[in-house]
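**Q** Sequence:
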Amino acid sequence: MARRIIALDTQSRPWRLAVARPGRPNPTLELVAELPEGEDIPFAERLRQALGRDPGGEDRLVLPLPATSLLVRWLEFPFAEAGKIRAALPAELARQLPCELDDRHLLHRLLPAATGRRALALAVDRQQIEEALATFDGHPLPLTGLLPLPFAVAEALPKGCEDGLLVCVTRNEISLLLLKEGQPCDLRVQSRGQRQKSIDQVAFIVRQGRIMLAARDREQARILLAGESADGELARALRQFGFAVEAPDIDCDGDGIAGERFTAAALALAATRRKGPALNALCGAYAPRGEWRQLRPRLIAACSLLAASLIFFLAAGWLEIERRQSRLDRLDRQLRQTYRQAFPQEKALVDPLLQLEARLKQLRKTVRVPAAGGQTPLTVLREVSRRVPTDVRVRIRDYAHTADGLRIEGETESFEAVSRLVDSLRKSPLFSGVKIADTRQQPDGKGVSFRLQLNWKEAG
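Residues 1 to 460 in the working numbering are what the sequence shown lists, from first letter to last.
Simulated from the structure, these hints should not be mistaken for lab results.
Mixed in with the good hints there might be a few duds.
[To be verified] Below, in silico cross-link-like pairs of lysine-lysine (PhoX-like), each with a Cα-Cα straight-line distance of 20 Å or less:
| no. | residue 1 | residue 2 |
| --- | --- | --- |
| 1 | Lys-457 | Lys-427 |
| 2 | Lys-435 | Lys-457 |
| 3 | Lys-159 | Lys-180 |
[Unchecked claim] With beta-carbon atoms standing in for the labels, derived distance ranges:
| no. | residue 1 | residue 2 | range |
| --- | --- | --- | --- |
| 4 | Glu-76 | Ile-211 | 50 to 56 Å |
| 5 | Leu-363 | Arg-451 | 21 to 27 Å |
| 6 | Arg-210 | Gly-160 | 19 to 25 Å |
Quick reminder that beta carbons are idealized off the backbone N, C-alpha and C, glycines included.
Please work from the sequences and hints to get the whole structure.
**A** Have a look at this one:
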């Protein structure tokens, strides 16, 4: 659902509100009503009664800014670039205004080149803005606009009202705004007393209106009356002075809104206009905090928590990787040490794991070679061990189990011990023959080296 603008005309008595919704091609005015009076009734309740229901979460509030709180100047510059105009505007405005700008909030609008001027500049009393913000601070309906009168009313005028003198009547003031091709060109403001009627200001309107319009005939002396009815006492008096008085109206669900209700309706439509930003005193330092700004502290906290969690998990992951890498290095050292112990004759050690797998593969092939008669290498080894005489000490240096037979190299005490070992092995049913391939005395004379060749016995 589109956001609605609720304009509250606090310059009237009683207060009036208007509800407008942005749309294409033009915004839609949905409601114009009066707020119930009563100091003992909370504002939120008065607003709910006027709307007929509670305000929506997307609704926004705008208020009028009286013209008596404004200092207005139309400024000319020797250049047309918007950036240069914005930069030079405060200094030029300070040169023309008869007061310091420290307690003033500046806003401006660039004007079309056809007007002969470059910018409309307004200096607003900061106290007025701060009082409005303080009044609605904490209210569930956010205040997003302070629209200066009568400029906001001029922005919402219907087609056909681009030229003339806009007379905006409120409870506290009467303002005169000269319009040419829809652009404001000159302004006059007169305050009203609490008991003073608008007809009491007719002399001010007539005098200043004639100066501003410089009209030669009735068609040029056109007055657009806002805040008063077209057949009221003020309108009749102005017509007697030769002015052509019109009271523009705004359509609201088939009902023409004019007279005292016109200001509230114009404020609501001005806040929803699509042709450009309306003059709004809530800009710059007073810009309303949007939803994202309200969520900013929570988002910062959430992002900080997320960043802390991410850092924690990254640190934990890094520590786990370091722990596993340390363990891997330790296992690698142990594997190298084990490999060198198992194969001391191996000189080149590049990748102990791959080399160990190659060795194991070779050993598996050797283990799978069956002896004659279908005996396994383990059975043959046990048979050889059993055939060694118990009183003979034998040191085996090489034990080779192949498909052709068994080769044993080793050392023993004497040649007699070799003969006893051979005789015992010849009695084994696994071997068809046992030959002494070589025997020799050790150089130190303390033992005998031998090499035996054992042949498998054929099965069957």
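**Q** Tell me the hint numbers this structure goes against, listed in increasing order.
**A** Per hint list: single violation, 4.
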